[in-house]
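Asker: Sequence:
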Amino acid sequence: MSDMDDIKARSVVEWRDPRTVGLPENDVDAVRKHFTSLEKFDLIPEHVNERVILAADKAVIDSYLKPTPGQGGFVLAIEAWFDPDDEWRKQRNESPGYPGIMKILGSVLWDDVSASMLLQARRLDDLWVLAMDHPLKLYEGYMPRHAPV
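Under this note's numbering, the sequence shown has 149 at position 149, and the numbering climbs by one with no breaks.
No lab work stands behind these hints, which were simulated from the structure alone.
Just so you know, these numbers come straight off a predicted model, no measurement behind them.
Treat the hints with care, since some could be wrong.
What the hints assert, rightly or not - With a cut-off of at most 30 angstroms between alpha-carbon atoms, the simulated BS3-like pairs for lysine-lysine come out as follows:
#: 1; residue 1: Lys-137; residue 2: Lys-103
#: 2; residue 1: Lys-33; residue 2: Lys-58
#: 3; residue 1: Lys-58; residue 2: Lys-137
Said to hold, decoys possible - Just the calculated beta-carbon pair ranges, DEER-fashion:
#: 4; residue 1: Lys-33; residue 2: Gly-70; range: 22 to 28 angstroms
#: 5; residue 1: Asp-111; residue 2: Arg-51; range: 14 to 20 angstroms
#: 6; residue 1: Gly-22; residue 2: Lys-58; range: 16 to 22 angstroms
#: 7; residue 1: Gly-70; residue 2: Val-21; range: 33 to 39 angstroms
#: 8; residue 1: Arg-16; residue 2: Pro-99; range: 18 to 24 angstroms
#: 9; residue 1: Leu-38; residue 2: Met-132; range: 27 to 33 angstroms
#: 10; residue 1: Arg-123; residue 2: Ile-61; range: 23 to 29 angstroms
#: 11; residue 1: Arg-122; residue 2: Asp-57; range: 21 to 27 angstroms
Quick reminder that beta carbons are idealized off the backbone N, C-alpha and C, glycines included.
Generate the whole structure from the sequences, applying the supplied hints.
Answerer: Structural data, given as structure tokens:
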């Protein structure tokens, strides 16, 4: 088994219903604030990525239950510590309009995105430049289907 296959085999997504902790549905800022408060108090298990939260709202669920032809299901990836007023991010200006959340095609989540995050090779805002021109603002990998060849 390759190193990536080994990591993939041990990777687990732990879904939590935000309503069980009093958070409103579809409120990304509330989810982010709750998650970062857990991290501050060291209440996040060691195996959990502390930089990215995966989420599923109605659009995500529908992308799997009622898929659009030519496109697979996707998940929401939320940058846990996103600050739109961060001066470093503003000066970097390599990801214009990056909102701290993006849709990621499910088929590239493990092999592409998780590997990049694990190796700290890319962050979500690095991936945004490949998603921002997609009609759904969807990251499809380095060779997106909608891109001209």
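Asker: Against each hint, give a clear statement of whether it holds in the structure.
Answerer: Verification of the supplied hints:
About 7 angstroms separates the Cα atoms of Lys-137 and Lys-103, which keeps this hinted pair within 30 angstroms; it holds. A threshold of 30 angstroms between alpha carbons decides the hint, and for Lys-33 with Lys-58 the separation of about 21 angstroms falls inside it, so the pair holds. With a C-alpha separation of about 16 angstroms, the suggested pairing of Lys-58 with Lys-137 holds against the 30 angstroms cut-off. Taking 22 to 28 angstroms as the suggested C-beta distance range, the pair Lys-33 and Gly-70 does not conform, at roughly 36 angstroms.
The hinted window of 14 to 20 angstroms between Asp-111 and Arg-51 holds, with their beta carbons roughly 18 angstroms apart. Range check, Gly-22 to Lys-58: about 20 angstroms between beta-carbon atoms, so the 16 to 22 angstroms window is met. Between Gly-70 and Val-21 the C-beta distance comes to about 37 angstroms, which sits within the given range of 33 to 39 angstroms. Distance hint check: the CB atoms of Arg-16 and Pro-99 are about 22 angstroms apart, consistent with the given range 18 to 24 angstroms.
As the Cβ distance of Leu-38 to Met-132 is approximately 30 angstroms, the hint placing it in 27 to 33 angstroms holds. A C-beta distance of roughly 26 angstroms is found between Arg-123 and Ile-61, which places it inside the suggested range of 23 to 29 angstroms. The hinted window of 21 to 27 angstroms between Arg-122 and Asp-57 holds, with their beta carbons roughly 24 angstroms apart.
Hint violations for this structure: number 4 only, all remaining hints satisfied.
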